[in-house]
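Read off the chains here:
There are 2 protein chains.
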Amino acid sequence: MVSWKQAAKPFLSSFKRFTSMSSVKQEMNSKSKLQLSLKTPKGTKDWAEKDMIVREAIFSTLSGIFKRHGGVTLDTPVFELREILAGKYGEDSKLIYNLEDQGGELCSLRYDLTVPFARFVAMNNIQSIKRYHIAKVYRRDQPAMTKGRMREFYQCDFDIAGTYEAMVPDAEILAITVEGLTSLGIKDFKIKLNHRKILDGLFKVAGVADDDVRKISSAVDKLDKVSWEAVKKEMVVEKGQTEETADKIGEYVKLKGSLTEVYAVLSQDADLSSNELAKEGLKDMEILMKYTKNFGIDEYISFDLSLARGLDYYTGLIYEAVTQASAPPSNASELKKKSKNVEDASEYVGVGSIAAGGRYDNLVNMFSEATGKKSAHIPCVGISFGVERIFSLIKQRADLLSAVRPASTQVFVMAFGGGKDWEGYLPERMKVANELWKAGIAAEYVYKSKANPRKQFDAAEKAQCPIAVILGKEEYQDNKLRVKRLGPEFADDDGELIEAQDLVPTVQKKLHEVYEGGVDEVTRLLRGL
Amino acid sequence: MVSWKQAAKPFLSSFKRFTSMSSVKQEMNSKSKLQLSLKTPKGTKDWAEKDMIVREAIFSTLSGIFKRHGGVTLDTPVFELREILAGKYGEDSKLIYNLEDQGGELCSLRYDLTVPFARFVAMNNIQSIKRYHIAKVYRRDQPAMTKGRMREFYQCDFDIAGTYEAMVPDAEILAITVEGLTSLGIKDFKIKLNHRKILDGLFKVAGVADDDVRKISSAVDKLDKVSWEAVKKEMVVEKGQTEETADKIGEYVKLKGSLTEVYAVLSQDADLSSNELAKEGLKDMEILMKYTKNFGIDEYISFDLSLARGLDYYTGLIYEAVTQASAPPSNASELKKKSKNVEDASEYVGVGSIAAGGRYDNLVNMFSEATGKKSAHIPCVGISFGVERIFSLIKQRADLLSAVRPASTQVFVMAFGGGKDWEGYLPERMKVANELWKAGIAAEYVYKSKANPRKQFDAAEKAQCPIAVILGKEEYQDNKLRVKRLGPEFADDDGELIEAQDLVPTVQKKLHEVYEGGVDEVTRLLRGL
Chain C
1 MVSWKQAAKP FLSSFKRFTS MSSVKQEMNS KSKLQLSLKT PKGTKDWAEK DMIVREAIFS
61 TLSGIFKRHG GVTLDTPVFE LREILAGKYG EDSKLIYNLE DQGGELCSLR YDLTVPFARF
121 VAMNNIQSIK RYHIAKVYRR DQPAMTKGRM REFYQCDFDI AGTYEAMVPD AEILAITVEG
181 LTSLGIKDFK IKLNHRKILD GLFKVAGVAD DDVRKISSAV DKLDKVSWEA VKKEMVVEKG
241 QTEETADKIG EYVKLKGSLT EVYAVLSQDA DLSSNELAKE GLKDMEILMK YTKNFGIDEY
301 ISFDLSLARG LDYYTGLIYE AVTQASAPPS NASELKKKSK NVEDASEYVG VGSIAAGGRY
361 DNLVNMFSEA TGKKSAHIPC VGISFGVERI FSLIKQRADL LSAVRPASTQ VFVMAFGGGK
421 DWEGYLPERM KVANELWKAG IAAEYVYKSK ANPRKQFDAA EKAQCPIAVI LGKEEYQDNK
481 LRVKRLGPEF ADDDGELIEA QDLVPTVQKK LHEVYEGGVD EVTRLLRGL
Chain E
1 MVSWKQAAKP FLSSFKRFTS MSSVKQEMNS KSKLQLSLKT PKGTKDWAEK DMIVREAIFS
61 TLSGIFKRHG GVTLDTPVFE LREILAGKYG EDSKLIYNLE DQGGELCSLR YDLTVPFARF
121 VAMNNIQSIK RYHIAKVYRR DQPAMTKGRM REFYQCDFDI AGTYEAMVPD AEILAITVEG
181 LTSLGIKDFK IKLNHRKILD GLFKVAGVAD DDVRKISSAV DKLDKVSWEA VKKEMVVEKG
241 QTEETADKIG EYVKLKGSLT EVYAVLSQDA DLSSNELAKE GLKDMEILMK YTKNFGIDEY
301 ISFDLSLARG LDYYTGLIYE AVTQASAPPS NASELKKKSK NVEDASEYVG VGSIAAGGRY
361 DNLVNMFSEA TGKKSAHIPC VGISFGVERI FSLIKQRADL LSAVRPASTQ VFVMAFGGGK
421 DWEGYLPERM KVANELWKAG IAAEYVYKSK ANPRKQFDAA EKAQCPIAVI LGKEEYQDNK
481 LRVKRLGPEF ADDDGELIEA QDLVPTVQKK LHEVYEGGVD EVTRLLRGL
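Quick note, the sequences are listed as chains C and E, same order. Just so you know, the UniProt record's numbering puts 304 at position 304 of the first sequence, and the rest follows in order with no gaps. Just so you know, the UniProt record's numbering puts 41 at position 41 of the second sequence, and the rest follows in order with no gaps.
Hint data in this document are derived by calculation from the structure and do not stem from the laboratory. Honestly, I wouldn't trust all of these hints.
As the list claims (entries may be wrong) - Simulated crosslink set (PhoX-like; lysine-lysine; CA at most 20 Å straight-line):
no., chain 1, residue 1, chain 2, residue 2
1, C, K225, C, K190
2, C, K215, C, K239
3, E, K67, C, K293
4, C, K438, E, K462
5, C, K222, C, K94
6, C, K67, E, K283
7, C, K45, E, K136
8, C, K431, E, K293
9, C, K438, E, K39
10, C, K67, E, K438
11, C, K279, C, K256
12, C, K448, E, K283
13, C, K94, C, K190
14, E, K462, C, K136
15, E, K438, C, K293
16, C, K420, C, K473
Since this is a predicted model, take the numbers as computed values, not measurements.
All chains should be built: construct the whole structure from the sequences, respecting the hints.
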């Protein structure tokens, strides 16, 4: 008679701490480089293994927060009628992916989640909604050297549509932005904040003609990537402004600081106060200051007049969250020059903003008007989390990744026996696994009639499975099963021999020990707790 | 002094049972019909409101089952290189959506999740994986009269790749299919099951030439939609088979019954037993019978020789789950004729199969070989749940839909006061909501400084919110809050006046009362419990 323990002995002692999947992954990477014809399209990628698990933890954290704020989710088609997207993205429209004209309607892949949301609101005549949407968007960009810029990437949006008192939903969106990032363990970030009306007002004050405002705004928008000199040159040489106008703009867009500080400076500015648009914007900022205090988020906010945001549709407050890791330092261009001979130049290449958004009061209107019906004016404000950029920040946390298990398997069902004519209990293992599945317990077994103990332990190890249910050749004939904790600290533990009918409660009890406290390890680490 | 109760009194009594969103929805539908230029592309739709919540419950139920079986998830790009999809879908290739050639690689939207999975396995040289994938796929079909056929629709796949003993993973896939459907409260279904090798063998035995096998198979595949006469005509007239061959095929494909019954008949068939392919298939079925018994799923299985499955890549076991509601009865064409004058002809139009799949042992190989490297032979078997068809079955369950709340809001924060100069406690409501959010509690408030009690109760009602936290004008100045259950049965309940510092524990206690047992109502109803 061979007991399960005798059969397994040689393997139990070598049951080393679960290795990460890194060796498998390395092999995968080297192979895929050789097989050039077998790939995903440029700028796209597969999400698998630990990356996928971390990404899902990010999604569930963020959607939990959105729900906490009364959000409901919406899913729109991945492509829209081409005319829906037309005229919404300014200079970036050239990046839209079109579907081939195969007869019928002309369609394009969505460029963001905001325009489809506005289309939905207008189409269904919705008066108010708080919606979140986590989905992929598409841009025919040149996949950049900078981390995280892809042609297919996720956005994670929360928007509030409806006519409300000034700055009330806006302030909540900012609170959600802070809640979202801190819940993902990102603490050292700033939300750069500006107001389109103040920006447009200061352009006017500086002498920019009405028709030039948008293109000057998009020049200012580049200030986080290039120097002021380059932006000034663009304004003067390419966009026909006078030196004087450019310099005046330069003075304003240098301003940044706390809401209170910058508001104090601007509200004293006689030129700006004479402009109606700017005055409206400043009134908003005054109200906002009151609300951000109640949400306790002032420390994260930097009122920054150089923030312009590229998209055409913003009409009020605009904002962008950056981290130390994602933002180039203020002397970026200098550092870049210096670092030519330095090994780690990548340090100064930011991943860009990790969340961004603003108020867009006319977008729904644009759609409503297109229907020829009396237009419904539905103001909107929202935030879009840059999930892939956030992901690349989080991926740097080694503690987090090492805690991620490849699969969710809780129990590995094994059989140990011996003798030439032993059948290996495969049907019996199936039966036991089936009982566990029915009780909601994740179970696997080796897909082999006569699996030797080594193979079965290897498989359990690969799945980082915490519990084994063992069918010993003789024990099982006596209607008995052995339930045993796995892992190096239990190498000498025989486990517990139980009556077969007690399987489910015994396993549940052991699982309770394993997952004591009930906290999901990945989510805990994600929050930086 | 106006107490919160006095201010609210007129509204508490009219606080009727939460209405469903149906009136809002009706309005939405009628409007959207008028606005024809504002729509989603043909064959696509928006998912919102209750539909979205039910769909998410379906997804989480199925992915829970997949994880229980050791599955890991994978996310591939929505488009693939066009050459990856080429030659995989037989006659259906014409339904593939292409991206416009805007320079660079030629790409197409994925047609299913199986080919991208096989590409992933081949590309990364993976030897074994159990993966699930829930995502949208694209087919330029004519959106049909039959329910649930769209151009963009979800698939929900579980596949096992790897070299294993015959029928071991196949049997588990069948167990997962049963587990998936029953967990969604679908009990009256059958899994039609056949084997490509038996099918190919019987075609040979009937006299079909090697080159004609695939096209004859695709003729047989139509048997669930058209009569045998029509299929026979297609074989003889269009596909050049003799009457005799067609009749012989006709005899075989009429066979259906339990695994044991049909196996008994076929294993006695001298013609079939003389064919090598058919013999291999029958050997598989013999093994399978043993395993399905261990999983206790025999009652769901119907061995049906008329099942052929359209796709080129299947090589072994094939299966398709149908329900009473989804399958046309065996005399469908007759009934159709008769029902011309009958009002409810739609009764006989099935929604098609609700889950389908099979074994495809050469697909990964096709990709590996394309790389010019020594081919890795990775056999696969899988199941694809037709989520949208399942969804339309589930949507008929009124009890389920009426239990779905539009949002997850748990607490509505209100302020009641009075007097012309009362400011309405908006910043104070924000502060209280913020405290709840930080404790992980879903809270909302009306976005208005001076919101009257009626407006606040209406908003809470719309969100079907179970608890109110009330800031009474004087009570709040005394650092006190009122926590009150909402709903008609609590109309006369004053709630509990508490110290402001006790807010979170008090709300948590009340929430515990509301969600007693902790069971998610939607999930419970989904399972038909």
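To see whether the hints hold, each was checked on the structure:
1. C:K225 x C:K190: Holds - the C-alpha atoms of C:K190 and C:K225 are around 17 Å apart, at most 20 Å.
2. C:K215 x C:K239: Holds, at roughly 8 Å.
3. E:K67 x C:K293: violated (44 Å)
4. C:K438 x E:K462: Measuring from Cα to Cα gives roughly 38 Å; hence the hint is violated.
5. C:K222 x C:K94: holds (18 Å)
6. C:K67 x E:K283: violated (53 Å)
7. C:K45 x E:K136: holds (16 Å)
8. C:K431 x E:K293: Holds - the C-alpha atoms of E:K293 and C:K431 are around 9 Å apart, at most 20 Å.
9. C:K438 x E:K39: At roughly 44 Å apart (the allowed maximum being 20 Å), E:K39 and C:K438 break the hint.
10. C:K67 x E:K438: Judged against 20 Å, a Cα distance of about 13 Å means the pair holds.
11. C:K279 x C:K256: Holds, at roughly 18 Å.
12. C:K448 x E:K283: Holds: C:K448 and E:K283 sit about 17 Å apart, inside 20 Å.
13. C:K94 x C:K190: Given pair C:K94, C:K190 is violated - Cα atoms ~31 Å apart, limit 20 Å.
14. E:K462 x C:K136: Violated, because 31 Å separates the two Cα atoms, which is more than 20 Å.
15. E:K438 x C:K293: Answer holds: E:K438 to C:K293 is near 15 Å, not above 20 Å.
16. C:K420 x C:K473: holds (13 Å)
In summary, the structure is inconsistent with hints 3, 4, 6, 9, 13 and 14 from the numbered list given earlier, while agreeing with the others.
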